[in-house]
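S.K.: So you can see what is in the structure, the chains are spelled out below.
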Amino acid sequence: MIAELGFGILVIAFAVAVYSAAAAIYGGLRNQPAWAESARYGMLLTWPLITLAALSLISLLLTGHYEVEYVYNVTSNSMPTYLKITALWGGQSGSLVFWSWLMSAFASAVTLRKWDRDREFLPWVIAVSSITLAFFLGLIIFSQNPFVRIWVTPSGQQLLSMVQPAGASLAVVADGLGLNPLLRHPGMIFHPPMLYLGFVSFVIPYAFAIAALVTGRTDDRWIRITRRWTLVAWLFLSIGLFLGMRWAYDVLGWGGFWGWDAVEVAALMPWLAGTAFVHSVMIQEKRGMMKRWNMVLIILTYDLVIYGTFLTRSGVLSSVHAFAQSSIGPVFFAFIGITFGISLGLLLYRWPELKSEMQMTSVLSREALFLLNNLLFMALLVVCFWGVNFPLLSELFTGQKVTVGPPFYTSATGPLWAGLLLLMGVAPLSAWGRSTVKTLGKAIWKPFAASLVVLAAVIAAGTREVSALIGFWLVSYVILVTLYEYLRGAWARHRRAGENLLLALWRLIGRNRRRYGGYFIHLGVVLAALGVIGMQFFQTNTQGSIPVGSSLQLDGYTITYRSLAIFDTPDGRNVARAVVDVYKNGAFLAELYPRRDYYYASQQPMTIPGVRSSLGGDIYVDLVDWQPITTEGATFKIYHNPLINWLWIGGLTFVLGALIAAWPDGEKAPAPSEAPAKEAALPGKA
Amino acid sequence: MENALPGQTKTFRTGGRWKFIVGGLVILAAVAYLIISSTQANAQYFLTIDELKSRGPALLNKDVRISGAVVGDTIQYDPKTLTLSFTVANVPADNSVIDKEGGLAAVLHAAVVNPKTTRMKVVVVGQPKPDLLRNEAQAIMTGQLGNDGVFRASELLLKCPTKYQDVVPNQVKAQ
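Going line by line, the protein sequences match chains Z and S.
Start counting the first sequence at 623; every next residue gets the next number (the working numbering).
Start counting the second sequence at 30; every next residue gets the next number (the working numbering).
Derived from the structure by calculation, the hints contain no laboratory data.
All C-beta atoms, glycine included, are put in the ideal place defined by N, C-alpha and C.
Take the hints with a grain of salt, since some may be wrong.
Within a straight-line C-alpha distance of at most 30 Å, the following computed DSBU-like cross-link-like pairs (lysine-lysine) qualify [unchecked claim]:
(1) S:Lys82 / S:Lys150
(2) S:Lys82 / S:Lys129
(3) Z:Lys977 / S:Lys82
(4) S:Lys109 / S:Lys145
(5) S:Lys48 / S:Lys91
(6) S:Lys129 / S:Lys145
(7) S:Lys158 / S:Lys129
(8) S:Lys48 / S:Lys150
(9) S:Lys91 / S:Lys145
(10) Z:Lys1206 / S:Lys82
(11) Z:Lys1064 / S:Lys129
(12) Z:Lys1206 / S:Lys145
(13) S:Lys109 / S:Lys129
(14) S:Lys158 / Z:Lys1060
(15) S:Lys82 / S:Lys145
(16) S:Lys109 / S:Lys48
(17) S:Lys48 / Z:Lys1068
Here are some of the chain S residues that sit facing chain Z, going by a computed Cβ distance under 7 Å [what the hints assert, rightly or not]:
(18) Val60
(19) Ala61
(20) Tyr62
(21) Ile64
(22) Gln69
(23) Phe75
(24) Asp79
(25) Pro108
(26) Leu111
(27) Ser114
Below, a sample of chain Z positions facing chain S; criterion: calculated Cβ distance under 8 Å [as the list claims (entries may be wrong)]:
(28) Ala676
(29) Pro1169
(30) Asp1244
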């Protein structure tokens, strides 16, 4: 009953979305506001509809209706309530419902804004969001229906169907398989929604970009309207990526956080395009340049979002063999192809109107460095795209499937990341319009000199690996430049207004949230880079089977095996849990509990490491195997992960910076005719 | 609308332009070099077990990537030496073939059940036993085929089993 209800509502929502798209396009083409208004009401109606459908699915999940195939696959009786609810995005079809729900929520929020002077955008924004929404709803209804049930025919045959097959009756299922144990982790509970929020909110700036192209209102209005949307989208996407790394680190028991797996790369690609976009819109706002480029970037971001959703949720993932194997593959590629083609067509049509208002004059100017930043992000994107699609390309041209693994990505992206770090240390000090080696040198030499001192200290401490030294130097240089920028700004206020330094710093950030929030983000990135450098160049590991009371050594740490307990838990696990002590140079540091959980229902073991964290790094202990009765004891694999926690600290700093930059302004937004003048009066460089 | 900063000119500067073009070309060349050299250094053939066996001699002791279905009964793990060994059965790589045979789950199952499929012994050293290693899992391995016909893998990826568990549970009964 609830299954039929949920499915029926989805069908209605799909029809409404299709109607909205059609009415919006008709209203926009014929210039009939009544049709656009009708489309807007349609758009607003989809949200409550999809909410109801999602609630139907949640209620099925909560009440254990295991005859529904999706419920059977992702929940079981022993799962706690919150996991049953979050199982909404625990599988493919449910997560598409969740995606659509977020999409309609965001699209509705946009249609509720005050449109006053931007009324000509309205129909096209609705059209783009409705088409995107309709695509996903269509996908759910026609191919990925979470409400499909299991039926049994009189001859005992089992069938999957939405409607009752003739003569068949509904299956009775006592318990479900339960959510994959690997996904029962806080990082995994919040990681998909964050990623999806990021994906979905990037649709909004894209919709405005298309609206600008269609209506020919090609000034920077669309960028100003969507500035905050873009930042928020980018923030969510970034949080999603960080949570994914944390999950991989905590749960997969392999001592790493990023494996350049096709899924990860798929989620990274829209982030790369989006990050380039976040930077280059600033040049358009300030200098009226890069208009065509910004269009290209947002179109790319949108289609990479669709591509990313497809790759992460279609089950074609880790196997390069099975690239387009899922039945939804061709549909996705067709949608991406069509939207990409139409968007580019519109862009070419408006090409002459999107001419730059200014020429770039100086290679060291702020805008030129922004351009360089964009080129580097695009290069990263090309590397990722190349890596993911290389098996397909090579088969196409040579008939042989050839793959590239993580080492390809590391060696191809390493220098590009380093280049971006260097830019973070140069661009903030360069001036808009014109900058020479002399003016730039004058601004840079102090932090540069200080960073050389840090470099000398790192060498003195015994580091000899050249790539690592370059990395450490870049990190210290960017941190120093960024702090120098804060200090200089605060000092100027202090001198001018007589505020004390802290207050000056506070007000400085408050008045230029976007800029100083941005620097905060840069700080987060370099701190995270510190963690990556530590893992990349200094991670060590050891392993061994030892009896109780014996120890393993690693980098001056001693890990002693104390005891082992094996027990069953009420939620259907068999747990083997070891107790180990960690000593550093003889001094006791911590007691750790690496364990192995075996989930009876899904017959899946799960390795949970014991981790001792400090700012210097983690000692990460996996329980590999055990012989409880013999004296052989247990086998451990131990990793020493230097500096890893700076990755998480960097992530938090990053998020904080993005919040500062995206925080709504207290005062009313200035009319756009005044805004550029006001901002131009604040030259980029203090 | 955009205000020019003092000293800003809108005039065309030939001197500035070629600097940008040269700079752009240098970056393009550098990126192309990065991609090409990294690809050359890290490219691996991706083969089925059948293909590897038939082309065996040419690829002996060269890094390749293979995929196959794990035969559950053959999984052995020696925790003392962290040595894992198991046998994989050939699965087709062609998507249309996989689709025709009822999807990946069915193909993996058929490969393990049918004793006639080509099989190969795989040895992995130095890793904990992966949580996802089980009967009829899809294993994707990077490594080398030795003269003894054993594939020594340095990397082992297993496809998440929830994706292809039996669609219809055994415990189902008619009402």
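S.K.: Next pair to validate is Lys82 (chain S) with Lys145 (chain S); report whether the Cα-Cα distance is within 30 Å.
M.R.: holds, 14 Å
S.K.: Do the alpha carbons of Lys1206 (chain Z) and Lys82 (chain S) lie within 30 Å of each other, as the hint requires?
M.R.: Distance ~50 Å between Lys1206 (chain Z) and Lys82 (chain S) Cα, so the pair is violated.
S.K.: With a cut-off of 30 Å on the C-alpha distance, tell me whether Lys82 (chain S) and Lys150 (chain S) pass.
M.R.: With a Cα-Cα distance of about 12 Å, the restraint between Lys82 (chain S) and Lys150 (chain S) holds, given a limit of 30 Å.
S.K.: When the nearest CB of chain Z is found for Tyr62 (chain S), is that gap smaller than 7 Å?
M.R.: violated, 10 Å
S.K.: Given the hinted pair Lys91 (chain S) and Lys145 (chain S), is their alpha-carbon gap at most 30 Å?
M.R.: holds, 27 Å
S.K.: Take the shortest C-beta to C-beta distance between Pro108 (chain S) and chain Z; is it under 7 Å?
M.R.: holds, 3 Å
S.K.: Need the status of pair Lys48 (chain S), Lys1068 (chain Z): alpha-carbon distance at most 30 Å?
M.R.: Distance ~28 Å between Lys48 (chain S) and Lys1068 (chain Z) Cα, so the pair holds.
S.K.: Holds or violated: Lys48 (chain S) with Lys150 (chain S), Cα cutoff 30 Å?
M.R.: Measuring from Cα to Cα gives roughly 58 Å; hence the hint is violated.
S.K.: Measure nothing beyond the straight line between the CA atoms of Lys129 (chain S) and Lys145 (chain S); if it is 30 Å or shorter, mark the hint as holding.
M.R.: holds, 19 Å
S.K.: Any CB of chain Z closer than 7 Å to the CB of Ile64 (chain S)?
M.R.: Ile64 (chain S) check passes; min Cβ-Cβ to chain Z is 6 Å, inside 7 Å.
S.K.: Does Lys1060 (chain Z) sit within 30 Å of Lys158 (chain S), going by the straight-line distance between their CA atoms?
M.R.: Outside the cut-off at roughly 59 Å; violated.
S.K.: Sort out whether Lys129 (chain S) lies within 30 Å of Lys1064 (chain Z), counting only the CA atoms.
M.R.: Roughly 69 Å separates the two Cα atoms, so the pair is violated.
When each numbered hint is compared with the structure, violations occur for hints 3, 4, 5, 7, 8, 10, 11, 12, 13, 14, 16, 19, 20, 22, 24, 27, 28, 29.
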